[in-house]
Structures are given as C-alpha cells and as structure tokens.
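Residue numbers (the working numbering), protein chains in the order written: chain P, 10 to 351; chain W, 33 to 358.
Since the hints were made in silico from the structure, they are not lab data.
Any given hint could be a false lead.
[Said to hold, decoys possible] DSSO-like mimics (lysine-lysine), calculated; alpha carbons at most 30 Å apart, straight line:
id	chain 1	residue 1	chain 2	residue 2
1	W	Lys170	W	Lys267
2	W	Lys174	P	Lys51
3	P	Lys54	W	Lys170
4	P	Lys260	P	Lys54
[Stated by the list, open to error] Here are some, though not all, of the chain P residues that point toward chain W, as calculated from beta-carbon distances under 8 Å:
id	residue
5	Ile178
6	Ser181
7	Thr185
8	Ala190
9	Gly287
10	Leu291
11	Ile306
As the structure is a computational prediction, the values presented were derived from the model and not from experiment.
Just so you know, even glycine gets a beta-carbon here, dropped at the ideal spot from N, CA and C.
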Amino acid sequence: MTPPTPSAAAPLEVTDESVVKSPTPTTNQGSESRSPGRLAWKRFKRDRAGVISACIVLFFFVIALAAPLIAKLYGKDPYTTYASQRPELLDAFSYPAGPNGGMSSEFWFGIEPQLGRDVFTFLLYGIRTSLGIAVAATLLTALLGIVIGITAGYLGGKTDYFVGRVIDILLSFPSTLFFIAFMPVIYGLFVAPDENIPTWLRAISLIIVLAGFGWASLARLLRGQVLGLREREFVEAAKVTGASPRRIVFKELLPNLWTPIIIQSTLMLPAFVTAEAGLAFLGVGMIDPTPDWGVMIQRGAQFYTEDITFMLFPGLSMVLFVLAFNLLGDSVRDALDPKSKR
Amino acid sequence: MLRFLVRRVSGAMVILLIISAVTFWLFYAIPRDPAMMSCGKNCTPENLEQIRKNLGIDESILMQYWHWLVGVFAGRDYAGYGYCDAPCLGYSFANREPVFGTIMDRLPLTLSLAFGAAVVFLIIGVGAGMLAALKQGKFLDKFASSVSLLGSSLQIYFVGYIAMFFLVSELGVLSQPSYTPLTENPAAWMSGLLLPWLVLAIIFTANYTRMTRSQMVEQLSEDYVRTARAKGLSKRNVFFRFAWRGAMGPIVTLFGIDLGVLIGGAIITETTFSLQGIGRLAIQSVNQSDLPMLLGVTVLAAGAIVLFNIVVDAVYALIDPRIRLA
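In isolation and in its complexed conformation, chain P is listed as follows:
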C-alpha cells in the first residue's frame, strides 16, 4: 500500500502539530473548529482502501453479533448433525454426497464430513466465538498495558526498573509454547483434573493467557512515551497547580497516549484472532462441539485431502478478515499519525 499523498496531508499537519501543543486549535483557515479527532476522521474518509476495509471488518462484526438471528432466519443451527436424520446427505465414506462439499440451496456452504453439521451456521457462530474472544483479549491487554506502562513511566525509579525486567522476561518467553503450557494450569485452577471443562472457562482462560502475554509490548511503548511526556511543561504546570497524580495520569497523560494505544490495538486484534485459532488448531483452545474458526480449520485438516471445500470457508474468511483488519490498521495509523512512515 502506498501512503496517502504527503502533499495532501501537509497543510493538515501544521494544524495537527499546533493541536498537540495547545488544547485550542489555531483556526487560521476558516472558522470551522478542528479537533484532532475530526482531522483524523477527515483524513480517514479520504482513504479509499481504509473505508472499504472498515466496511468489511464491520460486516464481520455485524454477522458475529447477529449470528443467532441469521441462523434463525436460515432455519438451522451449528450443533445439529443433519446427516444422522437424513443419511442421504453423506456418502458411504461419510463425505458429503453432493458436489463441492454438498453445497446446495438448502445447505449454502455445504455439509461437514463425518458428522454432517451445517457449515454455514457453524462458520457464523465460529466467527462469533473467535471475534468475541479476540475483542475481549484486546480490551484486557490494552487495559493492562495502559495501567502498567503508565505507572512504570510515571513513577520511574524502582517500579520502572522492576516492570522493565518483567517485560524483558515476558518478551523472551516462547509465546506459543507458553500458551500451550499455561492453558492446563488455568483450567486446573477452576476445575478438578478429571472434570469436563466448560466452554466459558475455556474462553476465559484463552482471554487471560492471550492478555497475560500480550500486554508487555504495549506497556513498553507507553512507558517510553510517558517518560517523554513527564518532562513536558504542561505536566509540570499541572503539578505546580496541585493536581493529584490521578488527575495527571488520566487528564494530562492519557489524552496524549490515545493515538499509540489505538494503533497498537488495531494491530493486536487480528493477531489475537489468528493466535486463538492457532491454539484451537493445536487442540488446546476451544474444542470441537464449540463452533470456532480454529476448530473448523482443525476439523478441516482431518479430511483436507478428501474434502477441501470445508477447509476453504473458515480459511478464506479468516484471510479476508485479517487482511481487511490489517489494512484498516494501516489507514487508522495514517489518519491518526500522518507523519509516521511505514
């Protein structure tokens, strides 16, 4: 992707710069007020790739939210094994009898081999599960990263040193390996070893594990930013006027950090989607009866040589989502921080 033309963004940059320095924007051209947010929105709207990818991402979130409604209108659910009621759907080897994975006007995306579930609703609910987990993990990661990063940067001294070392260690952890090793431990905290692990517990464990290893890079970034901001005049002025540390952190520092936080979060979310699916693929995340992107790919892997169609739906939809989200992330970065280079 080519960044938006610098010439177009150049006049805006000047106002943007002054906005950062003083809370009231200089209105040297026209009387219309231009908050940084509005400027970013204006820049974003001009970016065609960004708008298209935002629509695609929005589409995914809408179908994830509306999955039960869509399934109701469509008249099927992801759990029923339709082949057990109607054996003619699968052939003698338990593969879909119809061509292209059994796609028909009745089963839009075909039928799952062996168990004979409906692929369309399974994918729909799968997107719902995966996106739900990824969004929750992103929010938790951002929260942890913000709190720890700002605290370390603002307090400095021993706290900063200690947090810095923890981040160093966390970043040297082989992450996939620790996700795998950590999951049984979190399950063990809540249920006895021989009991079945409920689905909500799997989801919560995944969120905890993803966030537990994800906050380090955001915290490191924010810590660096806070170190710079801490010495700026406006923070000093706030201190002199007797503002509490709480006020300084929330009202003075945090508003200046939203840009890196939003940019990092848009990078984080697709990474969590793929990580969550990867864990399900390895058999340590969500498991079979729960519809999930990764579970579908793992199922698909079992019979990819016989029925590749089943693999294509979760795979391609995930590629589309991640691609759109990455593009959106780039556009958001260009809009919020036009001077950044890719």
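Based on the hints, put chain W in the right spot on chain P.
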C-alpha cells in the same frame, strides 16, 4: 566487545533461570503426580514410591528444581538411571528417554526447517523490497506491496493444507513433507522440506518486503545518499553500498527475532506438516505432563530467542559503527 558479551550473556542466564523456574512452578501449580502416570495398572504403594525415587520426584518442589539446576551444570545421579552427564536435563516421565538426547535427535529437523525457510524468505523478501524501493510508485512496487500485504494475512495452518492439497495430492509436483538427514541424502532432505520452506517463506517474506521497502525509501532520501550520488558514484554503488547499509539495521533485528522463534519450535508448522521436530516435542510433553521434556524444550526455545537477541545487538554494532556496545 568482551564486556558487552559478558554482561549480555549473564543477563541471558538470569532470564533462562527465571523462565525455567516459572515453568517448574507452572507445572506443579496444578496438583499432579507424574509417578501415577508411569505406574500403570497394577500399582502398589511400594511401586509408586520406587518410581518417585527413580524419577527424582520424591523431594519437595524446591529441591527438585535445585537438583535439576545442578544436573544441568554438573550432572547428577539418578536412582533409577545411574549417572547422567553434565548437560543433564533429566529423563522423560513419559518414555524414560534422556531429555538431552531426545532434543538432540529432534533438533536437526527444526534447524533445517528454520534455516532453509530463512534462506528463502530473506532472498525473496529483501529482494522484492529492494526492487519495490527502486521502482517506487511504479507497477512493480504496487504489486510487491499488495502481495506482501496479502502474505502477511495468511496463516500456516490454512496455506499449509491448501498447498499440500494442490501441490502434493492433486498435482503431485512436490512430495509429502518428510525429514531425511542432510548427511544421509541431501536430495531427499531438500525435496522433503521444500514445501514447508515455501509455505513458511510465503508468510515471513511479507514482513521483509515491507520493512526493506520502507527502510530503503527512507535511506534513499537521506542527505548522505544524495551526496554520494552528487559525487558521481554509480547508481548501483549508491544503492547497495550506501543506502542498503543504512537500511540493514531493522531488518537484522527482525531476522534475529524470527530466527529465534523458528528455532524454538515452529509448533504450528510442524503440526501442519506432521514433522517430528522440537515443536511437536513441546506439545507432546504438555499433553503427557512430561515435566523434564517440557523444561528442556522451554529452555531451548527461550535460549534461542535470547541468544539471537544478543547476536542481533552485536551484528548491529558491526553494521553501524555509530552504535557502541556497552
């Protein structure tokens, strides 16, 4: 340089120490008795006690960790297995093989996978990035940028199966991924790993193309590059000698991180292609509650990451003399 190495290596040792301790603590965070698992059907209390003693798990967790540490540096005596030489990582709870030996058996595959893929993605990624920077704004640039954007959105567990389906099952162009030691039969080694290399490369190349392009574009607009050109140096000379040297830093960093991660076990890649490397060993050891094996793999994986961090910083100083190692 020596001071830098001593400082960084000792720092790395501390990190590895902490990581192994965390792994140990994690393992015992849920109550479990590895002796029960290897005891089998007709298990008597005496049997159980004997197994605990043989495995060296009849002591407190702290003592177990201490003995494990001593074993790594000085070797240790096992009641059930006899003396275990210096880099002693213990014996697997699951199949009672020595951990060190098992890891050494599996390592060549993982190394072949990592370095083979690295050669492919470095050449293609950096090459494409340079071309894109050279033809800035032209069709080639846009093409390379779009392809790399698509590549960075792909996942091994999807592309791997699609590639296996089309290239192996349907067309029969490549052979089913397998591992033959390089020393045994180089041709078979290459043909068996070609598909995993290519698939890994597709995914990793994207980052290098983007990074190389943006770095080169940035460097080409620097004053020193303009000066070099003004002095009348050839375009090629300026491009490779000046701009490329300036652009290399972040690429080396990225490469160090990727290589460390790949050597620590490309778990998903090895699962996708059914290759028995370190990554598979890791997931097996978690599933079988095999602490010594898990510890060994974790220390290896973390060690690779930490080691390459140090190497990257040292190489950085070689590329850019302005950076001093301290």
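Does the interface hint hold: is Ser181 of chain P within less than 8 Å of chain W, judged Cβ to Cβ? Status holds, d = 5 Å.
When the least beta-carbon distance from Thr185 of chain P to chain W is tested against 8 Å, hint result: holds, 5 Å
Next item in the hint list is Leu291 of chain P. Is there a CB on chain W closer than 8 Å to its CB? holds, 6 Å
Assess, step by step, whether the Cα of Lys54 of chain P is no farther than 30 Å from the Cα of Lys170 of chain W, and give holds or violated. Distance of about 25 Å is within 30 Å: holds.
Taking the least C-beta to C-beta distance, is Ala190 of chain P closer than 8 Å to chain W? holds, 5 Å
Taken at face value, is the distance from the CA of Lys51 of chain P to the CA of Lys174 of chain W at most 30 Å? Since the Cα atoms of Lys174 of chain W and Lys51 of chain P sit roughly 25 Å apart, the hinted pair holds (cutoff 30 Å).
For the pair supplied as a hint, Lys260 of chain P and Lys54 of chain P, is the alpha-carbon distance within the 30 Å limit? Roughly 28 Å separates the two Cα atoms, so the pair holds.
Would you mind confirming whether the straight-line C-alpha gap from Lys170 of chain W to Lys267 of chain W stays at or under 30 Å? Holds - the C-alpha atoms of Lys267 of chain W and Lys170 of chain W are around 18 Å apart, at most 30 Å.
Let's test the interface hint: is any C-beta of chain W closer than 8 Å to that of Gly287 of chain P? Since the shortest Cβ distance to chain W is 5 Å, the answer is holds.
Checking hints one by one. Is Ile306 of chain P an interface residue toward chain W, by the C-beta closer than 8 Å rule? At about 6 Å, which falls below the 8 Å cut-off, the nearest Cβ of chain W leaves the hint on Ile306 of chain P intact, so it holds.
Taking the closest Cβ pair, is Ile178 of chain P under 8 Å from chain W? Holds: closest Cβ of chain W sits about 6 Å from Ile178 of chain P, inside 8 Å.
The structure meets every hint from the earlier list without exception.
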